[in-house]
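Engineer: Residues per chain are reported as follows:
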Amino acid sequence: DAKTTQPNSMESNEEEPVHLPCNHSTISGTDYIHWYRQLPSQGPEYVIHGLTSNVNNRMASLAIAEDRKSSTLILHRATLRDAAVYYCILRALSNFGNEKLTFGTGTRLTIIP
Amino acid sequence: NAGVTQTPKFRILKIGQSMTLQCAQDMNHNYMYWYRQDPGMGLKLIYYSVGAGITDKGEVPNGYNVSRSTTEDFPLRLELAAPSQTSVYFCASMGSGELFFGEGSRLTVL
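Line order of the protein sequences matches chains A and B.
Numbering-wise, the first sequence is residues 1 to 113 according to our numbering.
Numbering-wise, the second sequence is residues 1 to 110 according to our numbering.
In case anyone wonders, no lab produced these hints; they're calculated from the structure.
Be aware that one or more of the hints could be misleading.
[To be verified] The following label-pair restraints were derived from C-beta to C-beta distances:
hint: 1; chain 1: A; residue 1: 25; chain 2: B; residue 2: 59; range: 13 to 23 angstroms
hint: 2; chain 1: B; residue 1: 53; chain 2: A; residue 2: 110; range: 38 to 48 angstroms
hint: 3; chain 1: B; residue 1: 70; chain 2: A; residue 2: 66; range: 37 to 47 angstroms
hint: 4; chain 1: B; residue 1: 22; chain 2: A; residue 2: 39; range: 22 to 32 angstroms
hint: 5; chain 1: B; residue 1: 110; chain 2: A; residue 2: 40; range: 22 to 32 angstroms
hint: 6; chain 1: B; residue 1: 26; chain 2: A; residue 2: 45; range: 16 to 26 angstroms
hint: 7; chain 1: B; residue 1: 41; chain 2: A; residue 2: 10; range: 11 to 21 angstroms
hint: 8; chain 1: B; residue 1: 15; chain 2: A; residue 2: 40; range: 21 to 31 angstroms
hint: 9; chain 1: A; residue 1: 21; chain 2: B; residue 2: 52; range: 35 to 45 angstroms
hint: 10; chain 1: B; residue 1: 70; chain 2: A; residue 2: 13; range: 44 to 54 angstroms
[Claimed, not checked] With a straight-line cut-off of 25 angstroms between C-alpha atoms, the simulated DSS-like cross-links for lysine-lysine are:
hint: 11; chain 1: B; residue 1: 44; chain 2: A; residue 2: 3
hint: 12; chain 1: B; residue 1: 9; chain 2: B; residue 2: 44
hint: 13; chain 1: A; residue 1: 3; chain 2: A; residue 2: 69
hint: 14; chain 1: A; residue 1: 69; chain 2: B; residue 2: 44
hint: 15; chain 1: B; residue 1: 44; chain 2: B; residue 2: 14
hint: 16; chain 1: B; residue 1: 44; chain 2: B; residue 2: 57
hint: 17; chain 1: B; residue 1: 9; chain 2: B; residue 2: 57
hint: 18; chain 1: B; residue 1: 57; chain 2: A; residue 2: 3
[To be verified] Take a look, some chain B residues computed to stay more than 12 angstroms from chain A by CB distance:
hint: 19; residue: 6
hint: 20; residue: 13
hint: 21; residue: 50
Beta carbons: idealized from backbone N, C-alpha and C, even for Gly.
Input sequences plus hints: build the corresponding full structure.
Structural biologist: Structural data, given as structure tokens:
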């Protein structure tokens, strides 16, 4: 299974942009890159996903490297409510074509007021 | 839509007891997943299902069983509970590439 690597923790000042990196050097051509976040005492929630092109939505932007071996989640203006653990995962197809989704340890983002 | 509903939210078990964690979704999703999350750690995939009657093992399936008789329900069975199974369990379903999670079931085995 393709794996992802993220820094264990990051800090950012409130109202500044945040760039959360993710390495996935063994990604295959059919793997989608997904980001989820988990607020304290809650289940994870979807943030964004993409395949090759950069993606934007109301929550964040996803920048994908040209070789797809890395990606960056961008929070344009961090607020205290963005303090969470952010997970970068690959939506990989197993040998049987099943969609097996595994999480790593994620990046714990701390927002400094 | 209720989304993904898990029951119970909290449960304390004695070593060797058995129980079933219930998970139901009303979004007609084919894919459903069970994860466990130990304190301060990430999520580990236990089992997943790609549709009624079809299940497959994840990263940490030992000590658990699942069944998927309907699209809506994906129960997780713990047989002979052990302290190592103390964790928060999350059920999720996937539609249009997006995972929808339940609120979690906190299980303590003493």
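Engineer: Each hint should be assessed against the structure and marked as holding or not.
Structural biologist: Hints versus structure:
no. : hint                              : in the structure
1   : A:25 to B:59: 13 to 23 angstroms  : 20 angstroms, holds
2   : B:53 to A:110: 38 to 48 angstroms : 45 angstroms, holds
3   : B:70 to A:66: 37 to 47 angstroms  : 44 angstroms, holds
4   : B:22 to A:39: 22 to 32 angstroms  : 24 angstroms, holds
5   : B:110 to A:40: 22 to 32 angstroms : 25 angstroms, holds
6   : B:26 to A:45: 16 to 26 angstroms  : 18 angstroms, holds
7   : B:41 to A:10: 11 to 21 angstroms  : 18 angstroms, holds
8   : B:15 to A:40: 21 to 31 angstroms  : 29 angstroms, holds
9   : A:21 to B:52: 35 to 45 angstroms  : 39 angstroms, holds
10  : B:70 to A:13: 44 to 54 angstroms  : 49 angstroms, holds
11  : B:44 to A:3                       : 13 angstroms, holds
12  : B:9 to B:44                       : 19 angstroms, holds
13  : A:3 to A:69                       : 11 angstroms, holds
14  : A:69 to B:44                      : 23 angstroms, holds
15  : B:44 to B:14                      : 23 angstroms, holds
16  : B:44 to B:57                      : 11 angstroms, holds
17  : B:9 to B:57                       : 24 angstroms, holds
18  : B:57 to A:3                       : 18 angstroms, holds
19  : 6                                 : 9 angstroms, violated
20  : 13                                : 21 angstroms, holds
21  : 50                                : 5 angstroms, violated
Violated hints, in rising order: 19 and 21; the structure is consistent with all others.
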